[in-house]
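A.B. asks: Chains as they are written, first to last, in the working numbering: chain A, 1 to 386; chain B, 1001 to 1164.
These aren't lab readings, by the way, just hints derived from the structure by calculation. Mixed in with the good hints there might be a few duds.
What the hints assert, rightly or not - BS3-like mimics (lysine-lysine), calculated; alpha carbons at most 25 Å apart, straight line:
1. B:Lys1159 x A:Lys211
2. A:Lys214 x A:Lys268
3. B:Lys1027 x A:Lys204
4. A:Lys210 x B:Lys1027
5. A:Lys177 x B:Lys1053
6. B:Lys1031 x A:Lys214
7. A:Lys302 x A:Lys214
8. B:Lys1159 x B:Lys1117
9. A:Lys182 x B:Lys1053
10. B:Lys1038 x B:Lys1053
11. B:Lys1038 x A:Lys210
12. B:Lys1027 x A:Lys182
13. B:Lys1053 x A:Lys211
What the hints assert, rightly or not - Over 12 Å on every C-beta distance to chain B, these chain A residues come out as not near it, computed from the model:
14. Ser107
15. His269
16. Leu338
The beta-carbon is built from N, C-alpha and C at its ideal position, and this holds for glycine as well.
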Amino acid sequence: MTASRSLVPAFRFLALSVLMGFLLISRIYASAQDHTQLNAASDSVSTPQSEAESHKAEGKFNAGEMILEHVVDNHEWHVAEIGSLHLTIPLPIILLYDGRIYTFCSSRFHNESGSYLGFKLEKEGPHKGKIIRIGSQGESAESIPVYDFSITKIVLAIFISTFLLILIFVSVANSFKRNRNKAPSGLQSLLEPLIIFIRDDVAKSSIGEKKYEKFMPFLLTVFFFIFFNNLFGLIPFFPGGANVTGNIAVTLVMAVFTFVITTISGNKHYWIDIINTPGVPWWLKFPVPLMPVVEIIGIITKPFVLMIRLFANITAGHIIVLGFVSLIFIFGAISAALGVGVSVVSVAFMLFMNLLELLVAFIQAYVFTLLSALYFGLATTEPEHH
Amino acid sequence: MELITPGLGLVFWMTLAFLLLVYVLGKFAWKPILQMLKERETSIHEALSSASKAREEMKQLQFSNEQLLQEAKNERDALMNEARKVRDRLIEEARVKATEEASRIVEGAKASIQNEKMAAITELKNQIAESSLNLAKFILKRELSDPKKQEEYVQELLKEVKFN
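This is chain A alone, in the form it adopts within the complex:
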């Protein structure tokens, strides 16, 4: 009786994971199918896709390109392909060029020349995915840089997650007000342990009882933003699926915030320790200021490592999952039976990777928050009085 009861949620979870895995496969499989169709009949009824065109040249499934396209940012959000029907959300393009702002829909690029108002979305070469200015004859004119402030796939994903986070936590705050001095209920009881965990085990233990409070809004926001987007990135279809925390610009901004807050809140003791590091022989400081230089570099490397760690971990996870998916098509191209055989192994490995990524989603959010808190703690610590 108890055994069967405990098996039910496990089975549900397994079924959900397998379903997600198949959805991911079917999505990519559809795109692979579509590419071959496009190759066979170039009089495409549907609007030509940047993704499709890039594959056209090779005419074969290119795993490396497919993976990279799913990991990096995009000017439109490709939701699904059913046969030859593309479900793509066109996103607004906002360009700052020569002191003027140009705004138009990304679907404008879907024409013969692939350009609009003298701007072209590059699909090949070193500037792939970038918008460049072209001359009247179609040659690239790079004299004045094009500043691209488009609402891209990842920007939209950031907006969606920002909106959802505000919705979730404001409602949790309301339920806190409703259950004043009472036991938590609903979503509140799910998130309260995490909030308490960040407060007690991250902020209080790293920064100290006295000063932790002013860093709490940043630490909680960073933790839940990373955690939420890590989880959302694991969902293979729209609103999820965007590699937000695996994008270096996103991690850069968060690391810069940590750096700025650390630098602003650094007290006298912190700066003295950097310039005149205690416990180090004097000859490492005096004729050649070796230690101070190392310490000053350290100020920059700390947030830099934060940026790289989160980006690399999340992107690597996505690449591995997509790699397992690609294996099916690579082997499928050799022989259909081989593809079916490999798919069993691939799905098993993807399931394992997805479970691992669930763990990584939490660990990376925790590590980023913990290290930020440690840096704040270092910056605000008072000299010990003996």
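Model the placement of chain B on the given structure of chain A, informed by the hints.
C.D. replies: For chain B alone, kept in the frame of chain A given last:
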């Protein structure tokens, strides 16, 4: 290369969105949530400490109750003892009084008996004297003629008369 080159637009929008998120959540979520958590923790702390205080007071109360009970018992015992003593004393006094009274009565009775006896003796003496006189008168009347017989007769009479 695109993978590790942060896009300008993305950095701009991320900064904007993140600042907004920190501001909005900080003001409408984290501040009330952390405040409520703190409030609840202090209220739980207070409730626990007051509960332990109440328990302590309860213990104190129980102890004093027991003490009170013990005292009451002791007092009752003391009262009982006192009562018993009083009773004994009263009985003793009554007994002594009764004995005294009795002896006094007996004494009185003895004295009156003595008096009566003395009166009776006096009366008897008087009577004897009277009867002796009568006897003497009688003897004198009869036997004065014969002195020997007189003597005999007196002797005889004297034998009969005994003084108590």
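A.B. asks: Each hint: holds or not?
C.D. replies: Status of the hints after comparison with the structure:
1. B:Lys1159 x A:Lys211: Roughly 144 Å between the alpha carbons, so the hint for Lys1159 (chain B) and Lys211 (chain A) is violated.
2. A:Lys214 x A:Lys268: 19 Å, holds
3. B:Lys1027 x A:Lys204: 21 Å, holds
4. A:Lys210 x B:Lys1027: Holds, because 21 Å separates the two Cα atoms, which is no more than 25 Å.
5. A:Lys177 x B:Lys1053: 29 Å, violated
6. B:Lys1031 x A:Lys214: Holds - the C-alpha atoms of Lys214 (chain A) and Lys1031 (chain B) are around 10 Å apart, at most 25 Å.
7. A:Lys302 x A:Lys214: With Cα atoms ~21 Å apart, Lys302 (chain A) and Lys214 (chain A) stay inside 25 Å; holds.
8. B:Lys1159 x B:Lys1117: With Cα atoms ~23 Å apart, Lys1159 (chain B) and Lys1117 (chain B) stay inside 25 Å; holds.
9. A:Lys182 x B:Lys1053: Holds: Lys182 (chain A) and Lys1053 (chain B) sit about 22 Å apart, inside 25 Å.
10. B:Lys1038 x B:Lys1053: Given that 25 Å is the threshold and the Cα spacing comes to 22 Å, the pair holds.
11. B:Lys1038 x A:Lys210: 14 Å, holds
12. B:Lys1027 x A:Lys182: 22 Å, holds
13. B:Lys1053 x A:Lys211: Since the Cα atoms of Lys1053 (chain B) and Lys211 (chain A) sit roughly 32 Å apart, the hinted pair is violated (cutoff 25 Å).
14. Ser107: Ser107 (chain A) clear of chain B: closest Cβ-Cβ about 18 Å, beyond 12 Å.
15. His269: It holds; His269 (chain A) is separated from chain B by about 27 Å at its closest Cβ, greater than 12 Å.
16. Leu338: Answer for Leu338 (chain A): holds, closest chain B Cβ roughly 30 Å.
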